[in-house]
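Go by the hints and put chain B onto chain A.
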Amino acid sequence: MNECKAILVCGNRIALPLLRDLLFLNRLSVLVLPANNKILVEEVRHYLQNTTLPLLYVTKTDFAEKIADAVRQYKPELGLVFSFSFRMPGTVLSLTDKGWFNIHPGPLPAYRGPDPVFRQIKNQEPFACISVHKMTADFDAGPVVMMNKIRLSVTDTYGMLSKKLGECAAQNIPALLKMADFGVQIPARPQEETKAVYYNRQAAADITINWDTMGAEEIVALINACNPWNKGAVTSLNNNIIKLLEATAAVDEDVEKKLPGTITTVSKDFFKVATVKGLLCVQLVYTDEGYMSAARLFNTGIQPGNRFGDIPV
Amino acid sequence: MKVGLLYPSSNTYPGISFDFMDGLNALLGHQQIASHFNIIKEGIGFGAAEKEVYMKAEKLLLTEDVDVLVIYADEKVTELLNPLIMASGKLLMVINPGANYPHNWISQPGVVHLSLQQAFMCRLAGGLAAAAGNGYAAYVSSYYDCGYLHGAAIVQQLLQQGGNIRYNYINRQSYNDSFEIGALTEFLSTDKECSNLVCVFDTMPAQLFYKHLAAYDAGRMLNVFASPMMLEAGAVAALNGKQRYRVTGFTPWHSALPGTGNITFMQQCKRPANIFSLLGWETGLMLAALLPAGTIHDNEAAVQLLKDTPLQSPRGIMLLDDATHFYTAPFTKITYEANSSTPQTEYITEYTNGWKAFTAEQIEGHVTGWTNTYLCY
Chain A
45 MNECKAILVC GNRIALPLLR DLLFLNRLSV LVLPANNKIL VEEVRHYLQN TTLPLLYVTK
105 TDFAEKIADA VRQYKPELGL VFSFSFRMPG TVLSLTDKGW FNIHPGPLPA YRGPDPVFRQ
165 IKNQEPFACI SVHKMTADFD AGPVVMMNKI RLSVTDTYGM LSKKLGECAA QNIPALLKMA
225 DFGVQIPARP QEETKAVYYN RQAAADITIN WDTMGAEEIV ALINACNPWN KGAVTSLNNN
285 IIKLLEATAA VDEDVEKKLP GTITTVSKDF FKVATVKGLL CVQLVYTDEG YMSAARLFNT
345 GIQPGNRFGD IPV
Chain B
8 MKVGLLYPSS NTYPGISFDF MDGLNALLGH QQIASHFNII KEGIGFGAAE KEVYMKAEKL
68 LLTEDVDVLV IYADEKVTEL LNPLIMASGK LLMVINPGAN YPHNWISQPG VVHLSLQQAF
128 MCRLAGGLAA AAGNGYAAYV SSYYDCGYLH GAAIVQQLLQ QGGNIRYNYI NRQSYNDSFE
188 IGALTEFLST DKECSNLVCV FDTMPAQLFY KHLAAYDAGR MLNVFASPMM LEAGAVAALN
248 GKQRYRVTGF TPWHSALPGT GNITFMQQCK RPANIFSLLG WETGLMLAAL LPAGTIHDNE
308 AAVQLLKDTP LQSPRGIMLL DDATHFYTAP FTKITYEANS STPQTEYITE YTNGWKAFTA
368 EQIEGHVTGW TNTYLCY
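From first to last, the protein sequence lines are chains A and B.
Under the working numbering, the letters of the first sequence match residues 45 to 357, in that order.
Under the working numbering, the letters of the second sequence match residues 8 to 384, in that order.
Chain A with its partners taken away, still in its complex shape:
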């Protein structure tokens, strides 16, 4: 049986486990990376040290032409796209024999959009998901071939979940390649448009703690969703922007209710903050001066009664 090979187009580190496994399985004919992601480019170079896999760097203006040329030159039977932010034109999608498949790190159609990892954590989902769908002209809209769930722990950060989802994709994409090897029409289920939700890339309001509405567990989820890429969830203290980077939700044992955002307890290990539901127990923050543990903040004079608030304009 002929083992088909793929072109892999990827845009960030989440694709590294898949790249590792497809290299091991000798299933790649060419790899495409965005030229502007220097960190990814460096890491991938390290992966490819002892291989002869062709590597292509593309930009927003030349990606379609370069990928089309690569398909003609290296003749992959199948296209794989993982976290690549440029819309692939129909002229490219028609070039491979067995089609193009997008690996989307969230359930479809419930989590369409550029960053479902952030949204799934923020929304406190019990499971995260890798969806593989046939690519069409619209982002994240093609028929779904497979969906594989993993547990989303309340302690998972954006970085941790991305790694887990990357591994999940690496485990499941070989099954897609096997189906392609069989020479069958790869089965897929159309997405239910009525259930589709599109999430835009997160704006400032999405990563900012709203003390008036968010409970402790909700804030912890937001903090995890912003770790490490944003160095935490955004708030302010004494008119300075501060990012909460590590926190847990605690039972509200205070008899006297404080206004949400008010620091109720300060110690060398943590400081507790009142929220609309439960207490937030903060262990680590990020400020312009650097990463600070609760102990360091303790020494800067932070006191019970200080209050986190809105972002200064």
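Hints are supplied without guarantee of correctness; some may be wrong.
Some, not all, of what chain A presents toward chain B, calculated at C-beta under 8 Å [to be verified]: (1) Met-45; (2) Met-190; (3) Met-191; (4) Asn-192; (5) Ile-194.
Simulated pairs of lysine-lysine, DSS-like, Cα-Cα distance not exceeding 27 Å [said to hold, decoys possible]: (6) B:Lys-48 / B:Lys-63; (7) A:Lys-222 / B:Lys-66; (8) B:Lys-58 / A:Lys-222.
Bear in mind the hints are in silico, worked out from the structure with no lab data behind them.
All values derive from a computational prediction rather than experimental measurement.
Where is the CB? At the ideal position from N, CA and C, for every residue including glycine.
Same frame as chain A, now just chain B:
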């Protein structure tokens, strides 16, 4: 209801598919519902030829338009069918001994699993071994048997519970007169601190292993912690009351299980009842539970129906686990003391915490092993 059945074959258990069908037909006949089912059967050999399995599954789903696809094969192979099931909206029932388990325990839409929970029972045996004496153990298996995750299950639990593997012994010999365990007995003669053997064998090598271990005098009591197939009648026949070791383990089913469910099962089967006919009977129980659903268009609704319907199996009450979509059932702890051929049995109905702990563990990294269904070789 139209049912597609992908059945196995085995050189070692040549009656496997006949036994399975006997159990299935016995249940449908006993409940007088056979006429409600049109069962279309296809053989898939040892279950290792992925393309053959896929193509036959596709044919049953697309050409025959079955409502339910029943496949007797291991998880590794059946995972390939998940996209077909998702696209078709039909129900997939995966049946196997449970020697392997999935990389990811989280349920797949439209897929349910019925097994003998053998890896789970190996894990429990590993826990017993860790608590026995100093917890030092040798892992003992055959080249064939060690290629399934039940071996990992017994060792991992032993280690997690504070035990220690002092020696790995993998027997690569043929199952005939040339079979011997010299390297293992040599180790046991050298390491006097190690008295526990965590063992994973199919019936035939288990019988040979018991025989050869009985001929060895370790000068101390040895404890054999056995995988479920080592407690099958064909294996324990070798325990003639003269062995100088204790055998302990867990089995999903044995013919002496009390209860009318088991008696009815054994009476209704036309062939001698065994674990394969048990799986056939239980497949029939699942199909019977689905009858109210009629034609299946919504596999999630069908799964929910199964979740809501406890099944009265010969093993006891069988439940579909909400988190994993695996059926769980009571089982039996069996012990043969040294110099005894009479088993002591303990029927275990409280297993939920152990099952949850087992299925909460994720496999890290890659797994290698045999691709054929366990016992199909």
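Results for each hint:
{"no.": "1", "hint": "Met-45", "result": "holds (7 Å)"}
{"no.": "2", "hint": "Met-190", "result": "holds (5 Å)"}
{"no.": "3", "hint": "Met-191", "result": "holds (7 Å)"}
{"no.": "4", "hint": "Asn-192", "result": "holds (7 Å)"}
{"no.": "5", "hint": "Ile-194", "result": "holds (6 Å)"}
{"no.": "6", "hint": "B:Lys-48 / B:Lys-63", "result": "holds (10 Å)"}
{"no.": "7", "hint": "A:Lys-222 / B:Lys-66", "result": "holds (17 Å)"}
{"no.": "8", "hint": "B:Lys-58 / A:Lys-222", "result": "holds (8 Å)"}
In terms of the numbered hints stated before, the structure departs from none.
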